[in-house]
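Peer 1: Residue strings, one per chain:
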Amino acid sequence: MASIDLIREFLQDRLGAEPEKVVPHALLADLGVDSLMMLELMFEFEDRFGIKLVRNLKTPRTVGEMAALMDGLIARQKT
Amino acid sequence: MDQRRVAVTGIGLVSPYGGDLPDFFARLVAGESAIRHLLNDDLPRPLSIPFVGCPGFDPDAVLGKPLAAMMDRFAQLGVAAAFAAWDDCGLPRMPDGESRDGWGVTWGTALGGTLAFEKGYRELWQKGRERLSPLTVVLGMNNAANAHISIQLGLGGVSMSHTVACASSAIAIGEAFRRVRSGEATVMVSGGSDVPQAYAVVRAWEALRVLAPGDAETSPAACRPFAADRRGLVLGEGGAALVLEDWDHALARGARIHGEIIGYGTTCDHTHLVRPEVSGQTRALAATLADAGLAPADIDYVNAHGTATAEGDPVEIAALAAVFGGRAAQLPVSASKSMHGHLLGAAGAIEAIATVLALREQVIPPTINLAGNLDPACAGVDHVTSARRDRPLRAALSNSFAFGGSNAALAFRAVVR
Chain A
1 MASIDLIREF LQDRLGAEPE KVVPHALLAD LGVDSLMMLE LMFEFEDRFG IKLVRNLKTP
61 RTVGEMAALM DGLIARQKT
Chain B
1 MDQRRVAVTG IGLVSPYGGD LPDFFARLVA GESAIRHLLN DDLPRPLSIP FVGCPGFDPD
61 AVLGKPLAAM MDRFAQLGVA AAFAAWDDCG LPRMPDGESR DGWGVTWGTA LGGTLAFEKG
121 YRELWQKGRE RLSPLTVVLG MNNAANAHIS IQLGLGGVSM SHTVACASSA IAIGEAFRRV
181 RSGEATVMVS GGSDVPQAYA VVRAWEALRV LAPGDAETSP AACRPFAADR RGLVLGEGGA
241 ALVLEDWDHA LARGARIHGE IIGYGTTCDH THLVRPEVSG QTRALAATLA DAGLAPADID
301 YVNAHGTATA EGDPVEIAAL AAVFGGRAAQ LPVSASKSMH GHLLGAAGAI EAIATVLALR
361 EQVIPPTINL AGNLDPACAG VDHVTSARRD RPLRAALSNS FAFGGSNAAL AFRAVVR
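Residue numbers (the numbering used here), protein chains in the order written: chain A, 1 to 79; chain B, 1 to 417.
Hints in this document: simulated from the structure, not taken from any laboratory. Model, not experiment: these values are computed from the prediction. Any given hint might turn out to be false.
[As the list claims (entries may be wrong)] Pairs of lysine to any residue residues, derived as SDA-like cross-links and limited to a Cα-Cα distance of at most 20 Å, are as follows: (1) K52/A <-> E65/A; (2) K21/A <-> K127/B; (3) K127/B <-> A26/A; (4) K58/A <-> K21/A; (5) K52/A <-> L132/B.
Using the sequences provided together with the hints, build the complete structure.
Peer 2: Set out below in structure tokens:
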């Protein structure tokens, strides 16, 4: 599954966010993602892709930043 | 010190019958059991017990999905009950000009977010996973319910949980009452919620040999307080809440006053963890009457702790006999647990609601499964076995006696309308 789809699915499931609002330029905070929910999202991400995020990860602000971060880590995982 | 009168202006619960508050009380008065057989597909062995559940409770619908996702079921039930009580008291959900900085929450729960941690154990031990959701901490903490209630209603004063086994929410309500009476808080939300159907929790209660047996057919009549053939208590999940308010504040805003809370007393047996003691309960009842400024003759109804255990029921009757003396034989007593089961940390709150509504509606709900079946060891009071409306009800007590030896009683007075 593409990262953006996972984010979309997660935000719909957990926060009831409408999928069409989960677009790259949308701010995660505006979609209802606070610091706790960010941790949960990271956890879900680690779980789904079987990776371990570094502890000092820069917290993404937008859906696009989050997706890019995830894509990068997945690519690195595969190599 | 100048003491305030304390009004009950809000009542709310997640009803074990699935309906609203009037429906809940109507069914209690009608003597209808909410107890059903719980049979699940739990691993490694299914749970199979009489139980009181809230299967129709839809947290997403009541709380909204984002809020519900941040809570374990005990907090969901608690916040839903608190919302219902708050809406009932007629105040808006968020502050509208009047400061709520001194308003607060005291909340009873025996088990807190045990289910959240049990889910963690299942993930780690059954499913072989290595890590848990980071939300587990905030879902599982005992003060999750009161914290969410404070946030959702904008209450800036005290916010704390009380964990005192089966007396948790009676003590929470008593402590809230004292804060309003002293003038420390103008409004307090108080109550309790619990979810005892965690696998290990039920197995532990079974091991203690105090759970009543029952199947699909017999479960509705499984809980028989004071009866000769009583077999034990019936666990239940639920949430129940009251809004306690400074009397003058309630009058000034034209709030509906359901009843008045006038006394609270709590003691410890200080003798044994689980064997109840007449003297400890007697002291709690006497302290509550004294706190309320009442004599035994002023009490027209007692909602008993009455769990239907072999040991507990006769001790409670002996304590009532000791306090009410020659009048005990005419003292109307009933155990609504015979219908709504034992909600542990929510028990004191749901029974406080039953007591306030008995006074407001001037009708005593019965102990079911008791008529013609009284244990002689539990004789000595006027057991109410079918709804009774024959006398005016001026004041009433609600008893809660916990493992650990903690005893609490609350006193309420009817408001003449």
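Peer 1: Taking the earlier hints as the rules, which of them does this structure contradict?
Peer 2: 2, 3 and 4
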